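*Asks:* From first to last, the protein sequence lines are chains A and B.
Residue numbers for the first sequence follow our numbering, beginning at 1 and rising by one.
Residue numbers for the second sequence follow our numbering, beginning at 1 and rising by one.
Keep in mind the hints are simulated off the structure, nothing from the lab.
There could be a bad hint or two in this list.
[As the list claims (entries may be wrong)] Pairs of lysine to any residue residues, derived as SDA-like cross-links and limited to a Cα-Cα distance of at most 25 Å, are as follows: (1) K231(A) - H88(B); (2) K111(A) - R91(B); (3) K227(B) - A128(A); (4) K293(A) - S309(A); (5) K46(A) - E244(A); (6) K231(A) - C136(B); (7) K231(B) - R83(A); (8) K46(B) - L313(B); (9) K111(B) - G164(A); (10) K111(A) - G164(A); (11) K231(B) - H25(A); (12) K231(A) - H25(A); (13) K190(A) - P276(A); (14) K231(B) - G267(A); (15) K46(A) - N32(A); (16) K231(B) - D87(A); (17) K111(B) - E94(A); (18) K291(A) - E261(A); (19) K111(A) - C136(B).
What you are looking at is a predicted structure, and each value in this text was computed from that prediction instead of being measured.
Number of protein chains: 2
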Amino acid sequence: MRVFITGAAGFIGSSLVDRYLELGHTVVGYDNFSTGQESFLEGAAKNPRFQLVRADLGEFETLRAAMRGADLVLHLAANADVRFGTDHPRRDLEQNTIFTWNVAECARLEKVPRIGFSSTGSVYGEAAVIPTPEDCPMPVQTSLYGASKLAAEGILQAYSEGFGIQVFIFRFVSILGERYTHGHVFDFVKRLGTDPTHLHILGNGLQRKSYLYIQDCLDAIVLAVDKAEGKTNVFNLGTDEYCELNDSVRYICGRLGVQPEFSYSGGDRGWIGDNPFIWLECSRIRALGWKPKLTIRAAVERTVDYLVSSPELLHARD
Amino acid sequence: MRVFITGAAGFIGSSLVDRYLELGHTVVGYDNFSTGQESFLEGAAKNPRFQLVRADLGEFETLRAAMRGADLVLHLAANADVRFGTDHPRRDLEQNTIFTWNVAECARLEKVPRIGFSSTGSVYGEAAVIPTPEDCPMPVQTSLYGASKLAAEGILQAYSEGFGIQVFIFRFVSILGERYTHGHVFDFVKRLGTDPTHLHILGNGLQRKSYLYIQDCLDAIVLAVDKAEGKTNVFNLGTDEYCELNDSVRYICGRLGVQPEFSYSGGDRGWIGDNPFIWLECSRIRALGWKPKLTIRAAVERTVDYLVSSPELLHARD
Numbered sequence: 001m002r003v004f005i006t007g008a009a010g011f012i013g014s015s016l017v018d019r020y021l022e023l024g025h026t027v028v029g030y031d032n033f034s035t036g037q038e039s040f041l042e043g044a045a046k047n048p049r050f051q052l053v054r055a056d057l058g059e060f061e062t063l064r065a066a067m068r069g070a071d072l073v074l075h076l077a078a079n080a081d082v083r084f085g086t087d088h089p090r091r092d093l094e095q096n097t098i099f100t101w102n103v104a105e106c107a108r109l110e111k112v113p114r115i116g117f118s119s120t121g122s123v124y125g126e127a128a129v130i131p132t133p134e135d136c137p138m139p140v141q142t143s144l145y146g147a148s149k150l151a152a153e154g155i156l157q158a159y160s161e162g163f164g165i166q167v168f169i170f171r172f173v174s175i176l177g178e179r180y181t182h183g184h185v186f187d188f189v190k191r192l193g194t195d196p197t198h199l200h201i202l203g204n205g206l207q208r209k210s211y212l213y214i215q216d217c218l219d220a221i222v223l224a225v226d227k228a229e230g231k232t233n234v235f236n237l238g239t240d241e242y243c244e245l246n247d248s249v250r251y252i253c254g255r256l257g258v259q260p261e262f263s264y265s266g267g268d269r270g271w272i273g274d275n276p277f278i279w280l281e282c283s284r285i286r287a288l289g290w291k292p293k294l295t296i297r298a299a300v301e302r303t304v305d306y307l308v309s310s311p312e313l314l315h316a317r318d
Numbered sequence: 001m002r003v004f005i006t007g008a009a010g011f012i013g014s015s016l017v018d019r020y021l022e023l024g025h026t027v028v029g030y031d032n033f034s035t036g037q038e039s040f041l042e043g044a045a046k047n048p049r050f051q052l053v054r055a056d057l058g059e060f061e062t063l064r065a066a067m068r069g070a071d072l073v074l075h076l077a078a079n080a081d082v083r084f085g086t087d088h089p090r091r092d093l094e095q096n097t098i099f100t101w102n103v104a105e106c107a108r109l110e111k112v113p114r115i116g117f118s119s120t121g122s123v124y125g126e127a128a129v130i131p132t133p134e135d136c137p138m139p140v141q142t143s144l145y146g147a148s149k150l151a152a153e154g155i156l157q158a159y160s161e162g163f164g165i166q167v168f169i170f171r172f173v174s175i176l177g178e179r180y181t182h183g184h185v186f187d188f189v190k191r192l193g194t195d196p197t198h199l200h201i202l203g204n205g206l207q208r209k210s211y212l213y214i215q216d217c218l219d220a221i222v223l224a225v226d227k228a229e230g231k232t233n234v235f236n237l238g239t240d241e242y243c244e245l246n247d248s249v250r251y252i253c254g255r256l257g258v259q260p261e262f263s264y265s266g267g268d269r270g271w272i273g274d275n276p277f278i279w280l281e282c283s284r285i286r287a288l289g290w291k292p293k294l295t296i297r298a299a300v301e302r303t304v305d306y307l308v309s310s311p312e313l314l315h316a317r318d
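Please construct the entire structure, taking both the sequences and the accompanying hints into account.
*Replies:* Here is the structure:
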């Protein structure tokens, strides 16, 4: 089939490009390279079944033309910056909500039958039920990022109901692994590279978070798109565990062989809208036969190894 | 206090304008008169404590200036057309989601401490629990209208968390009463005025719906804004009953003194995204001391009387 992937030069997007090429499909990637990396598509670029469109999701007619003939749209492009939402309050609306509408509308106009979407566990805000199932009590949004992704989910669901497009919504925990380019592991590895004797941590270090390895994430997406039969299919994607931020810091320092002193900003949240406990209940995707292969610890360690071996990435924005 | 009301010339907006003027407050109304009625503001216009700004919510700087100094924003303006969403798929995104962001952002910039918002029971899609409480299981959106209002709720909730604005979200059932200008009572009264011998009904007539009288709705809004103390406060607003569409038709025909023959389009939904059963659990607002005064039947009959006495409104768009 012909798979159209937005955010194709990003961490998860480029990994999906490679996966669908490996599976023998034709892939059209779409990226504006605002945060995407040329190097992530070096392998794909050599494949005659891959085509790249350099453009923005705001360019509606370009998007529509690029999507023509696709059997499946996987919409990964996003402003994935949860933490600094309040610094530029329109960015999430624009890049996550309005651009998802553009994707849905182009899919409708081009009669694409299926759309998969990278949502986030952040749509649960501070969930009333933990581990949090997909049908947990209606949450209150606590970040512009989560709100913008929930809005995008709603648009896709309404398009599914109104126009018969089959929709797959994936609510991710934080994804780790090769090509990971932002988040706390990135920040800590980078700062410990500069000063291995000291590490400052936002919050009290007791925040409980969940992570999933990129290849496990891709397994779940490919499986769900293949097997799920509902009009709208919503899946949490995470491991069956969580760790404290301090655990994660220990894995990182252990892998790097450093023993810094720690200081803490204090409080149970690292920033406004930070969620002190994220743990998703994932029996729905497991019922399709999916099982993650890596533990959180193994995923963190593999990410550290990747970052250490990719100094150009670690210092790209210095 | 100084109350800023969007959609000030609309059905609910203009009624809110009158209510807050009666309560002795200063009111700034904002409306682009795309669907608002000059006549609804005739009373308010005579009040020196009322000021009207004729502009669109897309005019950001005008909106911001109009909001300056407000103690409370009540955001009622919307595309309230649930039924024809699929005919113009961007309208709900634009008028309900993006314009709500404009309202929230202007409130932030102008340091308005409180925002009330007219959401809808449509955000529950086809609810898994009926009567539906505010914290029911996370629904799947079934209309572009519901999706756009849920998105707006999320934006306001994130603004509350991120910027300390207190937010009041009201999920209405359909509101009836004086100044009601669209919906099934309007359509039926109008068509029976032309041909009292026959009435065609979308669906099978067994759809179960809920309605609330406008003055009961206003009581709830004023009370909630006065009493609710959370950062984000979400309230269902409806009576503790529902009726079948056929019941409502009987009330209308009885009030008009007509005995038409009925024909039905069939099926349990009137249109794509129609919800065959809407009934909201309203104990949260009742716990603040609110109680609706009119039954659904009384609200329907009062609406029929109003429409019969307002032929210029009934035929405004002929």
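*Asks:* State for each hint whether it applies.
*Replies:* Consistency of the hints with the structure:
Restraint check: the Cα-Cα separation between K231(A) and H88(B) comes to about 22 Å, which is no more than 25 Å; the hinted pair holds. Taken as a hint, the K111(A) and R91(B) pair is honoured in the structure, with Cα atoms around 20 Å apart against an allowance of 25 Å. In summary, the hint linking K227(B) to A128(A) is supported, as the alpha carbons are separated by about 24 Å, within the 25 Å threshold. For the hint linking K293(A) to S309(A), the alpha-carbon distance of about 22 Å falls within 25 Å, and the restraint holds.
With a C-alpha separation of about 41 Å, the suggested pair K46(A) and E244(A) falls outside the 25 Å cut-off, and the hint is violated. A threshold of 25 Å between alpha carbons decides the hint, and for K231(A) with C136(B) the separation of about 21 Å falls inside it, so the pair holds. With a C-alpha separation of about 20 Å, the suggested pair K231(B) and R83(A) falls inside the 25 Å cut-off, and the hint holds. The straight-line distance between the Cα atoms of K46(B) and L313(B) is roughly 22 Å, inside the 25 Å bound, and the hint therefore holds.
With a C-alpha separation of about 43 Å, the suggested pair K111(B) and G164(A) falls outside the 25 Å cut-off, and the hint is violated. Distance hint between K111(A) and G164(A) is fulfilled; the C-alpha atoms sit about 10 Å from each other, no more than 25 Å. Between K231(B) and H25(A) the alpha-carbon distance is near 49 Å, which puts this suggested pair outside the 25 Å criterion. Annotation: proposed proximity of K231(A) to H25(A) holds, straight-line Cα distance about 23 Å (limit 25 Å).
Proposed proximity of K190(A) and P276(A) is supported: the alpha carbons are some 23 Å apart, at most 25 Å. For a cut-off of 25 Å, the pair hint linking K231(B) to G267(A) stands: about 19 Å separates their Cα positions. A hinted pair counts as satisfied when its Cα atoms are at most 25 Å apart, and K46(A) with N32(A) qualifies at roughly 20 Å. Simply put, K231(B) and D87(A) have alpha-carbon atoms about 20 Å apart, close enough for the 25 Å limit, and the pair holds.
As the CA atoms of K111(B) and E94(A) are separated by approximately 23 Å, the hinted pair is consistent with the 25 Å bound. In summary, the hint linking K291(A) to E261(A) is not supported, as the alpha carbons are separated by about 37 Å, beyond the 25 Å threshold. Our distance criterion of 25 Å between C-alpha atoms is broken by K111(A) and C136(B), whose separation comes to about 34 Å.
Violated hints, listed in ascending order, are 5, 9, 11, 18, 19; each of the other numbered hints is respected by the structure.
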